[in-house]
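So the sequences go chain by chain: A and B.
Here this note's numbering = 1-based position in the first sequence + 15.
Here this note's numbering = 1-based position in the second sequence + 15.
Take these hints with a grain of salt, some might be off.
Which copy? The list can't say, so a pair holds if one copy fits it or any two copies do.
Listed below are the simulated SDA-like cross-link pairs for lysine to any residue, each with C-alpha atoms no more than 20 Å apart in a straight line [stated by the list, open to error]:
id, residue 1, residue 2
1, K100, D137
2, K22, D47
3, K252, P293
4, K21, E316
5, K100, G78
6, K100, D133
7, K100, N136
8, K100, V174
9, K252, S236
10, K279, S236
11, K126, V269
12, K21, S314
13, K252, E268
14, K141, L265
15, K126, A104
Just so you know, these hints were derived from the structure itself, not from any lab.
Protein chains: 2
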Amino acid sequence: MSTGRKKVIALSGGVGGAKLAHGLSKILPADDLLVVVNVGDDFEHMGLHVSPDIDTNMYTLSGFANPETGWGRVGESWNFIEVAKELGAEDWFSLGDKDLAIHVTRTHRLKQNHTLSDITNDLCRKVGIECRIVPVTDDPVRTIVTTDQGELAFQHYFVRERCNPAVTSIAFKGAEQARLHPIVEAWCESDELAGIIVCPSNPYLSVDPLLAIPGFRSMLSEISVPIVAVSPIVGGKAIKGPAAKMMAELDLEVSAVTVADHYKDFLSGIVIDNLDSPLSQEIEKLGMAVKVTDTIMKSDEGRAQLAKQTVDFLMSLSASDARNS
Amino acid sequence: MSTGRKKVIALSGGVGGAKLAHGLSKILPADDLLVVVNVGDDFEHMGLHVSPDIDTNMYTLSGFANPETGWGRVGESWNFIEVAKELGAEDWFSLGDKDLAIHVTRTHRLKQNHTLSDITNDLCRKVGIECRIVPVTDDPVRTIVTTDQGELAFQHYFVRERCNPAVTSIAFKGAEQARLHPIVEAWCESDELAGIIVCPSNPYLSVDPLLAIPGFRSMLSEISVPIVAVSPIVGGKAIKGPAAKMMAELDLEVSAVTVADHYKDFLSGIVIDNLDSPLSQEIEKLGMAVKVTDTIMKSDEGRAQLAKQTVDFLMSLSASDARNS
Chain A
16 MSTGRKKVIA LSGGVGGAKL AHGLSKILPA DDLLVVVNVG DDFEHMGLHV
66 SPDIDTNMYT LSGFANPETG WGRVGESWNF IEVAKELGAE DWFSLGDKDL
116 AIHVTRTHRL KQNHTLSDIT NDLCRKVGIE CRIVPVTDDP VRTIVTTDQG
166 ELAFQHYFVR ERCNPAVTSI AFKGAEQARL HPIVEAWCES DELAGIIVCP
216 SNPYLSVDPL LAIPGFRSML SEISVPIVAV SPIVGGKAIK GPAAKMMAEL
266 DLEVSAVTVA DHYKDFLSGI VIDNLDSPLS QEIEKLGMAV KVTDTIMKSD
316 EGRAQLAKQT VDFLMSLSAS DARNS
Chain B
16 MSTGRKKVIA LSGGVGGAKL AHGLSKILPA DDLLVVVNVG DDFEHMGLHV
66 SPDIDTNMYT LSGFANPETG WGRVGESWNF IEVAKELGAE DWFSLGDKDL
116 AIHVTRTHRL KQNHTLSDIT NDLCRKVGIE CRIVPVTDDP VRTIVTTDQG
166 ELAFQHYFVR ERCNPAVTSI AFKGAEQARL HPIVEAWCES DELAGIIVCP
216 SNPYLSVDPL LAIPGFRSML SEISVPIVAV SPIVGGKAIK GPAAKMMAEL
266 DLEVSAVTVA DHYKDFLSGI VIDNLDSPLS QEIEKLGMAV KVTDTIMKSD
316 EGRAQLAKQT VDFLMSLSAS DARNS
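Extracted from the complex, chain A is given alone in its bound form (with noise of 0.2 Å):
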């Protein structure tokens, strides 16, 4: 590895893609971390654009998360949405007062037709945090959930209907027009990128709307850099959502072998938990390097620190030498 490479790319959905983005904070420089985040959960909900995943890595980052909910902030009030549901309003999404300050600004500066990154970069700024944050496209990009009760919009399958649907299949509408935000395709093609990191996140919640962007998974299987995830199944189980359940309707053993064989042709090498050490010589056969460690971020201290052994693990690795090809 050339001294000159440095930076980090981090791709991430919600919940736990942002705990290791947050650790990842921690341990880079400000400039040498960049985080792709997922755009396919956005939805419009009152007349405003709510972009949860990019305010749950906003939360996470700046410290406003709320550690119970892994939505939302901390020290919220409902005032808003108690009056606006007397009002008539749909009851099964809610926006808490503060958050409703997020909601409002970037509904209004994208009228005024800001681009999303753009919002994105300053809201980040006002809130402290100092890496940039992007959405992988300033283009509309939305999750549809097909299941057993017919085609759902990603929200109200994972919160108005709490993912209680059998799922059947994904899919990304506008996708194939969205363009891979620019300063993600340069950040690619720097020679100061060390390697890319795909966060601990719902493989196909989180992580595929963003290979879904034209060109991308492609860049990224054939980038000279390593690439690494951390899977976000342990022990058979998801640490949160529902991406074992998914899987299990999807007939795919729930397994970080499943994770590994997802992502398999752009990795170089996968980030398990102690748990699933036995796994390793399965997923070693798919051609990737292997990190067993403890990857349940239980703390801050606890995200700082799978986030060191996670851009170790990938300084350690080639891209060459590892991915299978």
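With chain A fixed as given, assemble chain B onto it according to the hints.
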């Protein structure tokens, strides 16, 4: 007066007008009262459509009004605006967390091409208001105040600049293209209409934008039922707001006589305060009847009492008897 005539139209601006409208709603059957409200104060803030006078009437008639501020809701919280300011929002206009539910709901429905009047009606029903509150028009009318500091949008003059600039003239942008709301037209033409009350609102900022809707003022001057106003000027002062200051700047005598004169083409009578009883003869010379009473509405009972006296006065008159023509 025929016994079939029992309906009353009230023309209202903000605080003072809403207080009398509230009193009227206490003494008249809901089906017999139509409150026609100014929309010249409406504006967009942070991308949200705010209708201050509609909201003041809605909050006042439903009992949610904040009696201390004269705007917004009682028991309000301010978490949204605090965060919004941290994120860079303009800080001169405060939106409370509960109040925001109205603005977000209204803005969302306007974007879906619902009319302001339908939205207002639905919101009123939700907060338990039984009489009809209707914007004078569903078309955009915006009050522009020309001052010694240049042209100012109404809320910039009223809230941001706290009415400090000296007013030289007032215009109502969009009024020429606006259509009187059909329900106002229908009530004016109804043979059940007993009369019209001009509430004690600022004649220049709150009532003139109603009268600026094409055809409305001439309709009032030709209508076959009496019209009475309640003077917002008492003892040479405005009960609330910048009316007196503006009148002085416009070289008008700050007096109930000036108010009567301003409306003399359509008024059959005017209600003035006991303090102004010496002005009765001068006003009568303008060709209208005068009712002298306590017009300061210090309590809910005071509102109902003034409403009762105004309606009794209205019912005692006929259009042709007293109107100057």
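- prompt: Which of the listed hints are broken here?
  reply: 4, 9, 11, 12, 14
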